[in-house]
Amino acid sequence: MHPAPIGVAGAVMRAAVLRALGEPPCCEEVAEPHLEEGEEVVQVTACPLTNLDRARAAGTHFSAPAKLPAVCGSALAAGRLPDGTRVLFRSPGGTMAERAVTRHGWCSPIPEGVDDALAAAVQNPGVSAWNALEWRAKLQPGESVLVLGATGVAGQIAVQVAKHLGAGRVVAAGRNPRVLAGLPALGADATVQLDQPDDALRRALRDAAGPADFDVVLDYLWGRPTEVFISTLGFADMELRFSRTRLVQIGVMASPTLNLSAEVLRSSGLEIVGSGTGNAPPAEVLARELGQVLDLLAGGRLRMEVNRVPLTRVRHVWDLDQQGHRTVLIP
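Each residue of the sequence shown is one higher than the last, beginning at 1 in this note's numbering.
In short, the hints are calculated from the structure, not lab data.
Computed from a prediction, not measured in an experiment: that's the story for all the values here.
Among these hints, one or two may not hold up.
Unchecked claim - Dumping the calculated EDC-like pairs for lysine to aspartate or glutamate here, alpha-carbon to alpha-carbon at most 20 Å:
no., residue 1, residue 2
1, Lys138, Glu32
2, Lys138, Glu284
3, Lys163, Asp195
4, Lys163, Asp189
5, Lys67, Glu37
6, Lys138, Glu271
7, Lys163, Asp213
8, Lys67, Glu112
9, Lys67, Glu23
10, Lys163, Asp295
11, Lys67, Glu32
12, Lys163, Glu23
Stated by the list, open to error - Okay, the calculated beta carbon distance ranges per label pair:
no., residue 1, residue 2, range
13, Ala212, Gly113, 39 to 49 Å
14, Ala200, Ser255, 14 to 24 Å
15, Gly142, Pro256, 30 to 40 Å
16, Val273, Val41, 34 to 44 Å
Cβ coordinates follow ideal geometry from the N, Cα and C atoms, glycine included.
Model the full structure from these sequences, guided by the hints.
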């Protein structure tokens, strides 16, 4: 999300413009992007609406824009370069617009047979899940994985990526019963309904883990669900033992905070790390992960649902519950 040159004379285009934190953006006319040396204009064909975009616009994310008005769009979008090449690209001027500026090094080709809207929608949750599992958790073949928040778009992708990377058992925990019922077809070995009393949820998570604790937990929720899960760990004895449960914190859909018992950290093998911009791998690793995600999509081994919406309706769909789908804005 970046400052938009509103009201500048000359050629104009339509873009999703944020004028005040805490309010949804509106589709407005803004000046065409200005090209610096080494930049080129890309015709935007599809731009995903992500939870990060919403958090930044609400002012609740640490990267919220300091200057307004601003053009929204923080994730990679799909577009066409002047030579017709279809690419996923990033832009310093926001991507929720008819056109944007990019550089050659900021682009990745979209494979043949992959729809622009699907490519734009999958890159953020796909790379995030791949990075959390491979780079942060260092998932090993045969290990067990719990996905907290598996009925969201990112959670559904995480279930599939975990299986692709060799997880021996994947347990999907979420709220949406319709999406939860479909997760076994995506690779989940068991599911847990999160909307139940704490004691019942605690028993369900323990039962789903089986005789051993989960090796890896991808946490898209934080707050109460994570507190309940953590309470399933730890022992009330002095026996020496070794175990590891690597919890990777990715999202805060339930709450930005939780209560954490110091005793759990001392009496269990719980390790908590985050996965985000502050601990990202080198650019070449991210590029490789994106390529692998797109290859899975091209081969039909990765599934997701998208809701294509005209850019002009951005204000109307900004706060809608996506119900397990990813909204993609089409300029």
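Hints, verified against the model:
1. Lys138 to Glu32: Not satisfied, since the Cα-Cα distance of roughly 44 Å exceeds 20 Å.
2. Lys138 to Glu284: holds, 17 Å
3. Lys163 to Asp195: Distance ~25 Å between Lys163 and Asp195 Cα, so the pair is violated.
4. Lys163 to Asp189: holds, 10 Å
5. Lys67 to Glu37: violated, 24 Å
6. Lys138 to Glu271: Between Lys138 and Glu271 the Cα gap is close to 13 Å, so the pair holds against 20 Å.
7. Lys163 to Asp213: holds, 18 Å
8. Lys67 to Glu112: violated, 39 Å
9. Lys67 to Glu23: Roughly 15 Å separates the two Cα atoms, so the pair holds.
10. Lys163 to Asp295: Roughly 15 Å between the alpha carbons, so the hint for Lys163 and Asp295 holds.
11. Lys67 to Glu32: Cα-Cα ~19 Å, so holds.
12. Lys163 to Glu23: violated, 39 Å
13. Ala212 to Gly113: 39 to 49 Å: holds, 41 Å
14. Ala200 to Ser255: 14 to 24 Å: holds, 20 Å
15. Gly142 to Pro256: 30 to 40 Å: Between Gly142 and Pro256, where Cβ atoms are some 34 Å apart, the hint holds.
16. Val273 to Val41: 34 to 44 Å: holds, 39 Å
Checked against the numbered hints given earlier, the structure breaks hints 1, 3, 5, 8 and 12 and satisfies all the rest.
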